[in-house]
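Assemble the complex: chain A is given as a structure, and chain B must be docked to it using the hints.
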Amino acid sequence: MQSVVPKRTSAPLGATDSLNPKLRRKQRNGVAGYAFVSGYFVLLVLFGVLPAVYAITLAFTSTGGHFVGLSNFVKTGEDFRFLPAFEHVGEYLLIWLGSLVVIVVGLALMLHSISRRVSSAFRFIFYLPGALAGAASVLVWLFMLDPTVSPWREFLSLFGFKNLGQTILPGHLPIIFAIIAFWAGAGGWIVVTYGALNNIPNELIEAAELDGAGAIQTALRVKLPLIKKWVTFMLILAFAAGTQLFVEPQLVGEASLGLISPTWSPNELAYYFAFQDNNFNYAAAISVDLLVIGLLCAAVLVFRTKLFEVE
Amino acid sequence: MRLFNRIWSRTFAYVVLLGFTAFFVVPVIWLLLSPTKTDHELVVGNPFAIGTLHNLSHAIHVMFTFEDYALLNWLKNSAIYSFGGIVIALACSIPAGYGLAHTQFIGRRTLLGVTLFVMIMPATALVLPLFLEANAVHAVGTPWSVILPFSFFPFGVYLAYIFYSSSVPKDLLAAARIDGCNEWNVFRRVALPLARPIIALVTFFAFVANWNNFFLPFVMLPNSTNYPLPVGLQDLLAATPAFNPGQGGQVPIYRPELAIATIVAMAPVLIVFLFAQRSLVSGMLAGATKE
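In order, the protein sequence lines correspond to chains A and B. Per my numbering, the very first residue in the first sequence carries number 387; after that it's consecutive. Per my numbering, the very first residue in the second sequence carries number 65; after that it's consecutive.
Isolated chain A (complex conformation):
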């Protein structure tokens, strides 16, 4: 009996140490976990959450700091520049997303039907202009669209364009921005789509061919349905990014000698309210509009497609 007692007294000590290691690990881990994410967490709060919260606060208050409800949203919405800005971007998105579905998917299917080595060279070439995203791509295309120096001047003259001013008329901008977006961005999407096609099991394609399907039929009836969720993924991301158009109209506007409105896109309009009118509340209201669009796109991607399964 006596020998048991010391053992018993030592047992609870041992329990914390070895009998319940899971609990201990979890606690120790907990503190360590916070330490590992702390730096990122601070950045997330300061440069992700706080600006959004502050923009929302500004959007619902007056310049004097009083709560005004939806008034800023209504007033910016009724502004004569508001609807055109969204229409411009809408037109651009229609062309850009259409070309993604038809051309990007089409090219990826073609690349998938030829030999791997040749297709990898093509993919690299298509991907390369991605290095010139942003301001550089716009400058390059100002040259390409200028009938006096463009390597495609004969092609441009078919449309009767004689100088840059005629090519970049305001009505042409949606398609021009879609071409620039395609030039700099399509390659990346072709690579992604091609990767998705590569994930299709070979047996499925062979089975279709045994059943007598030609190359085109296999592409459209077997491959295409299997990469549908990737196409959705691409469209949502391209849509979200496309609503944010800023650098393209800004630079082309600069080259157009005032022909193009400085409030061509919603982001430009928000910028205009902030910097020309010094009305941060209006600017915030439009930013919140755009933020909501971005959030909705993210929500659809996260909750409706199963592409981002975290564990």
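There is no bait here: all hints are sound.
Heads up, incomplete: computed chain B residues facing chain A, CB under 8 Å, no partners named:
no., residue
1, S73
2, P111
3, A155
4, Y162
5, L190
Label pairs and their in silico Cβ distance ranges:
no., chain 1, residue 1, chain 2, residue 2, range
6, A, F545, B, P316, 29 to 35 Å
7, B, T116, A, K461, 56 to 62 Å
8, A, E477, B, A200, 32 to 38 Å
9, A, V460, B, A200, 21 to 27 Å
10, A, I561, B, P316, 31 to 37 Å
11, B, V89, A, T443, 44 to 50 Å
12, A, K548, B, T129, 29 to 35 Å
13, B, T85, A, V460, 48 to 54 Å
14, A, K614, B, A238, 38 to 44 Å
15, A, F545, B, D299, 29 to 35 Å
16, B, P207, A, E473, 34 to 40 Å
Since the hints were derived computationally from the structure, they do not count as laboratory data. Being a predicted model, the structure only gives us computed values, none of them experimental. Backbone N, C-alpha and C define an ideal beta-carbon position, used for all residues, glycine too.
Then chain B, alone, in the frame of chain A:
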């Protein structure tokens, strides 16, 4: 008949692919050739003719000495902002990805979810809110107003998380703990050295995103001496008579010079692309699926 169809559809595929190759490549070739020619030659000559070294060195000289070496200054700024942002982004995102993948704490899943959300949302959506915030704390115009938002790179956290949860087994870390490592040393001595490929990947993506970013520095930095290259390009565009013959004329920046500036702006990213092609491509796919 089937053989005929096959040949026909393959020929069609090659014709289309070559056509698009021209579309993607011609602008790059034209851009690289144009500084070797004079502005006049660009207008009257064959677009793909190669000019002279003399023209090239003249254009380089004019562009680089313009406004007291403004181009070099912008280049320096671009480098400072991009790399400053990358260093902080790496220091925060690699440990965060590791913590999310291999430790347990309250709020972990929430943090993961929020990361996913902000990663998908276009970064541009936050630019004006960031400006309003920076303006409220009087940080506008400082390099930090660009570097710190650059450091917030949720995609890097996601890439690190995917890497650690799929490629680094828990047993390996447990073994290190049994050998007496504390949590910090497990990370520093085991997990961090394994992360070399993912560090390279995050660096590439952050570099391309930071280097090409226009909107954020455009709103944050009102002073031309603080501009990074993309914003500097817009400045050149506003001053040059190249596209608007009526405009100015006092600035000696014509199309060959403008092409030099564009080449300088794109060269670093192009070089990164050429050397990191494979990892960039695999990263684009890794960003979307957990394989």
